[in-house]
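Asks: Residues per chain, in single letters:
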Amino acid sequence: MMSPWAGIRRAVVAFDHWVRDPVDPRPLAWFRSWLGLLSLVNLWLLWPDMPMWLGDDGVLPAAVHRDLVGGTRISIFMITGSSDAAIGIIRGLGIAGGLGLWLGIFPRCAAFCAWLAAVSYAYRNMDILHSGDNLIRIGSFFLMFARTGGVFSLPQSVRRWFFPQASSDSQPPGGLVPAWPQRILQVQLCILYLVAGIWKATGPTWRNGSAVGLVLQLGEFQRFPIPDFFLTPVMSQVMTYGTLAFELGFPLLVWIPSMRIPVLLAGLAFHAGLDWVMNVQMFQWLITAYYLLWLKPASSSPASFAPRSAPACSVRPAR
Amino acid sequence: MKTPLSSTVTPPAALLQGILRRWPTILVVGYALAAFSWTMPASLFPPKPVIDGVAEGPLLLLGLWQSWDMFSPDPRTIDICVELRCTNRDGTIDRRMLSDMVAMGYYERWQKDRWRKYFNDHLRLDDEHALWQPFAEYAARRLREEGHDPTAIELVRWWRPCDPAIRPDLRADVRQTPWQSHVFHRWGVPREWGR
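Line by line, the protein sequences give chains A and B. Each residue of the first sequence is one higher than the last, beginning at 7 in the numbering used here. Each residue of the second sequence is one higher than the last, beginning at 5 in the numbering used here.
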């Protein structure tokens with residue numbers, strides 16, 4: 007029988023390989039593309055209110071803002087100062103970043119643009135942020151270091167359409183890439199669920215099963231109608247304990263290959279349900295981007311918008 | 005099999021090489037620890053002050069700070085709404101509910117989710133009184149642009165307790181249960197202000 011130390015050592019070595027062994031870039035490319043599209047939707051929703059939230063003539067003048075925010079943070083305001091020009095720059099960066107990530111156009115530059123836009127509006131008014139903003143900032147930051155350029159990329163696809171011979175002669179995009187940006191984002195998703203579950207488990211209403219029922223009664227979060235069947239103490243207990251079980255179980259079960267797809271599907275159903283009943287702007291959508299990082303691509307499926315002559319890459323079975 | 009080079013490497017140098025070779029793993033573990041500590045309740049994670057002290061600078065600088073505590077440790081048990089009340093020079097009173105989400109259409113309440121965050125979760129709180137006067141002045145500017153002549157701006161918080169019982173009819177009860185209100189900020193707009 008293996009000693010505990012040997013078990014720990016084996017786990018550490020396996021984790022080290024999991025982080026350092028190169029991976030198929032497609033999950034990262036899917037993540038990049040979906041995150042980019044959703045960041046554009048996020049920008050679209052924020053757009054009309056940006057002067058109010060971020061402008062000098064808005065609800066939070068620069069003098070008041072300076073007193074509220076501590077610490078040094080990178081933002082476009084470091085260059086523009088407290089100027090309304092920053093709003094235009096944030097909009098431009100957000101569009102360039104979102105489009106670039108979505109379509110794979112200079113994706114690492116696009117990630118920088120999306121990240122700079124996100125940290126800038128987050129810095130200027132932290133009281134308007136939702137959890138989805140966290141996911142955009144963190145995701146785009148680590149995408150700056152991720153190599154996904156040739157995969158799921160519009161320029162690459164266009165090149166292949168027009169120059170099929172050239173593309174088949176060259177190295178096909180989608181060779182293995184460093185894994186750590188993907189790994190850090192996968193771990194981030196586990197931390198998100200684990201911490202959310204721990205926080206909830208400390209609350210009396212989560213422990214007595216009434217929390218979800220109470221949330222569903224709050225008018226400010228109501229969205230689409232739900233059947234009366236769900237608005238009973240019994241169903242509140244089912245949904246409350248189900249939420250706790252999912253959030254605390256996900257970070258453990260998702261590591262087990264045979265459980266991964268069922269857990270991800272349960273998560274999709276969970277967030278789709280939340281998005282239906284609760285008016286929380288983008289979080290339920292953005293978190294699905296992080297799910298894509300856990301998918302194992304089929305080794306011969308196309309990695310681009312366009313048909314191709316060569317297989318995308320050869321991939322070892324996911325650990 | 006050892007190479008001639010490896011046989012000459014001293015243990016500290018080998019250790020350093022191993023660490024350098026494993027920088028991605030160290031980065032992932034370090035980030036995970038920092039993010040976990042940053043988001044955990046202080047009461048449940050004793051090393052939090054130490055780890056946060058180290059991680060705070062990079063997390064804030066790079067925009068990697070985060071929190072995952074929505075509806076935690078318990079969801080609110082009151083419904084909340086913030087009203088802007090403007091008294092005009094001709095004596096008329098203009099009332100605007102800023103975060104009455106149920107009164108909005110589906111798209112509007114989705115688009116204005118940040119209004120709920122700002123007004124219900126921050127502006128209404130006594131702890132965030134620094135936001136009150138800047139908002140009153142912002143409102144006065146906007147109202148003047150619309151052709152009003154405000155002499156007083158009032159910010160009103162409305163709330164109603166949610167019934168602890170969970171029944172279908174209570175979800176639709178937002179308009180029936182009595183709401184209570186309190187004027188938490190009042191500003192007499194000077195006639196010459198901003199002109």
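In short, the hints are calculated from the structure, not lab data. It is possible that some hints are incorrect.
Now the stretches of chain A that chain B is said to cover, found in silico as 3 or more residues with beta-carbon under 8 Å [what the hints assert, rightly or not]:
id, region
1, 20-28
2, 91-105
3, 113-127
4, 134-141
5, 158-171
6, 259-270
7, 293-304
Keep in mind it's a predicted model, so treat the numbers as computed, not measured. C-beta: ideal position from N, C-alpha, C; glycine also.
Asks: It remains to establish, for every hint, whether it holds in the given structure.
Replies: Status of the hints after comparison with the structure:
1. Remark: the region 20-28 of chain A is confirmed as covered by chain B, as 4 of its residues place a Cβ nearer than 8 Å to a Cβ of that chain, reaching the required three.
2. Under a criterion of three residues with beta carbons nearer than 8 Å to beta carbons of chain B, the stated coverage of the region 91-105 of chain A fails, only 0 such residues being counted.
3. Here the region 113-127 of chain A counts 3 residues with a CB under 8 Å from a CB of chain B, which clears the bar of 3, and the coverage holds.
4. Residues of the region 134-141 of chain A lying with their CB closer than 8 Å to a CB of chain B number 5, which satisfies the three-residue condition for coverage.
5. As drawn, the region 158-171 of chain A meets chain B at 0 residues by the rule of a beta-carbon pair under 8 Å; below three, the given contact is violated.
6. With 0 residues bearing a CB less than 8 Å from a CB of chain B, the region 259-270 of chain A misses the requirement of three and the coverage assertion fails.
7. Chain B is given as covering the region 293-304 of chain A, and this is violated because 0 residues of the stretch bring a CB closer than 8 Å to a CB of that chain, at least three being needed.
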